[in-house]
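Place chain R on chain U using the hints.
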Amino acid sequence: MLDLIWLIPALPLAGFILILLFGRLLGEPKSGILAASMVGASFVVTVAVFFELLSKTTEERHHVLTAFSWMPIGSLHVDLAFLADPLSITMALFVTGIGSLIHLYAIGYMHGDPKFSKFFLYLNLFVFSMLMLVMGENLLVTFLGWEGVGTCSYFLISFWHTRESAATAGKKAFVTNRVGDWGVMMAMFLAFGATGTLSYAGINHAAESGALSAVTATGIAMMLFIGACGKSAQLPLYIWLPDAMEGPTPVSALIHAATMVTAGVFLMTRISPVLSIAYDWAPTVIAVVGVATALFAATVAVAQTDIKKVLAYSTVSQLGFMFLAIGSGAYVAAIFHMVTHAFFKALLFLGSGSVIHGMHHEQDMRKMGALRVLMPITALTFIVGWLAIAGVPPFAGFWSKDEILLFAFAKSPILYVVGMITALLTAYYMTRQVIMVFFGEARWNDHSEENGAHGDFKPHESPKVMLAPLVVLAGLSIVGGALQLPFNHNTKFLEKWLEPVIEFGEKDISGTWADNNKYILLIVAIVVALTGIAVSYLVYSKKKFAAIEPNVMAQGWFYDKGISNFMGGPGRKAFDGITWADRTIVDGAVNGVGKLVQGAGGFLRKGQTGAVRSYAAAVGLGVVALLVWFFVRGVVL
Amino acid sequence: MSALIAAATPTTTWYLVLAAVLFGIGTVGVLVRRNPLVMFMCIELMLNAVNLSFVALAKRLGDIGGQTTVFFVMVVAAAEVVVGLGIIVSIMRKRPGANVDDISALKG
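For the protein sequence lines, the chains are U and R, in the order given.
Each number in the working numbering corresponds to the 1-based position in the first sequence with 1383 added.
Each number in the working numbering corresponds to the 1-based position in the second sequence with 762 added.
In isolation and in its complexed conformation, chain U is listed as follows (with noise of 0.2 Å):
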């Protein structure tokens, strides 16, 4: 069976060429149907290499499957080669799992669409790339699928590029990745000039064993971080994923939500054994980039109108504790959270995307409320995912954040206090989105007459084969937080499964103060998300202050602005000013050589007369010439 893991990664490829080239002879809905169960089938694999791995040892879950020698160059061997152990098979499962859900709410969700095959054939395209991201056994094959997702991004961010915010939002996060893409070929270069291989296995085992520096290390993880920043929206790299929700919400939910943006989080703890080696400061600034950006986000997301602009904001903030989590060297926490977070935000996106399909397309939350009544599964889905952001047990979200918090205070209690501050917000913000779109009056009857051909205007709840995903992401919100409980040992089983990977990474802060009282942490934070609630509530619902949502948060602190006038100013004179010196100088010294050799050729051109007795005339002068410089020089013939 682990021989068949080449499998997981083509089913998704085989479907992507069946619809690209009949396509259009299948049509909606077939090519959907055809999408969503290459997904599945894949998912199936996955879940059969799951349990293969599960039946043996802890050391024998690592299993390697050469395709074929992809660049044999010298030392530089790169083979394309996937990798089966606990963490890309983790990654697999919720991957293929979310994904075939999603496959299967997009076939009504984009009902109608003249672009219909082309979507499912951009979506299948995406979740082979994302396979190859996770299984490559190298950074090579990571990378070919790291720029894979990162075209289908782009293709599926302007799906809709007939509207102009649309093809700009896809161009600015292409744009954006690619720094972040210099990031990870720096760190490829890295690793092979000091290891001399680019396969995890190589690297990991250089970090253990000592061969690798501290510098080195330390310069590996900074340039993967790089990259890990772009890919996962962090500070300063983030501008690109709220500009994303100009994508269909399909793709919003499974690419800008469950699992593009999670590689850089896969990236990092992949080559954990990299991070460990490294200066203190490395960590550091990881953690302190993750909660800056956690608390950066959700303060924004606070003043928000547009239902996906929040749930945007509320992503690039849990990423930030993802990240908080990697910095404190708390990997099992990463990846718990970002498996749960998978689970209740594909669900809230998913969710979202329902609201906006009942409502004829309107994004805008002032413009809804008490949709309860009309749309009855989805609110009370959304009302299971905003109850798993907001922490409040025993839904998914509160254990993994709760993790997180545990790692950042033994690391320092201010990433606690800033992260529990975030916490906070996150409970705030989702509350009042929750209020806003399903509960006070209804909102919508007074634009009824915008909605024009729509007359009577009333939302309406979506077709089935929307609500199903709906119903399994809610009960995977549930009880995703059994993956691992902090009681004791026996119930952290995503740790214990994980542990192959990243036990020397992982840091033991067994003894500190924050694991001896980790129960008192529990209870500060479900205080802490029952305060965002109540307050929340009482703003929103009650009305009872008013609603504090300055400008400057609702424009994301002017950074967008910021940097768009700055790259408009002096950035566009600078790089006019570079076009020039291209244009003048670099092009001026090639254009030059080719003028003076035409010029040169055309001089010569006029000697070729074709008249053939021109051509003998100068053969008969030169034999004379030749013959008079032989008799002045004095050669005796």
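If you're looking for bench data, these hints aren't it; they were derived computationally from the structure.
Honestly, I wouldn't trust all of these hints.
[What the hints assert, rightly or not] Label pairs and their calculated CB-CB ranges:
id, chain 1, residue 1, chain 2, residue 2, range
1, R, K856, U, F2014, 44 to 54 Å
2, U, G1985, R, V779, 42 to 52 Å
3, U, W1963, R, G848, 57 to 67 Å
4, R, A840, U, R2016, 32 to 42 Å
5, R, I849, U, F2014, 36 to 46 Å
6, R, G848, U, T1967, 47 to 57 Å
No residue lacks a Cβ here, since even glycine has one placed at the ideal position from N, Cα and C.
The following block gives chain R in isolation, referenced to the frame of chain U:
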């Protein structure tokens, strides 16, 4: 009388002068005539003038090398005639009566 006969006995110099005269006629012919066939004949004349000088010098110097070279020149000239006449005939078929100044289309 014998002196006259002796003076009239062809020496090597005579042959060399004859070769130079033939070469000159050939050169002038190539330069002034426009009929490709005539130009071709003039080129042959030049080649054979050189052949004559080779043979004459080989006789005087008692060196077989000069005569050997003549054979090579004749073979090459024969090959050249085959190719050259082929080209000339095909051009003449296409454009009857053309002279070499008319067929300068290959100058580029």
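Task: Which numbered hints fail - done: none
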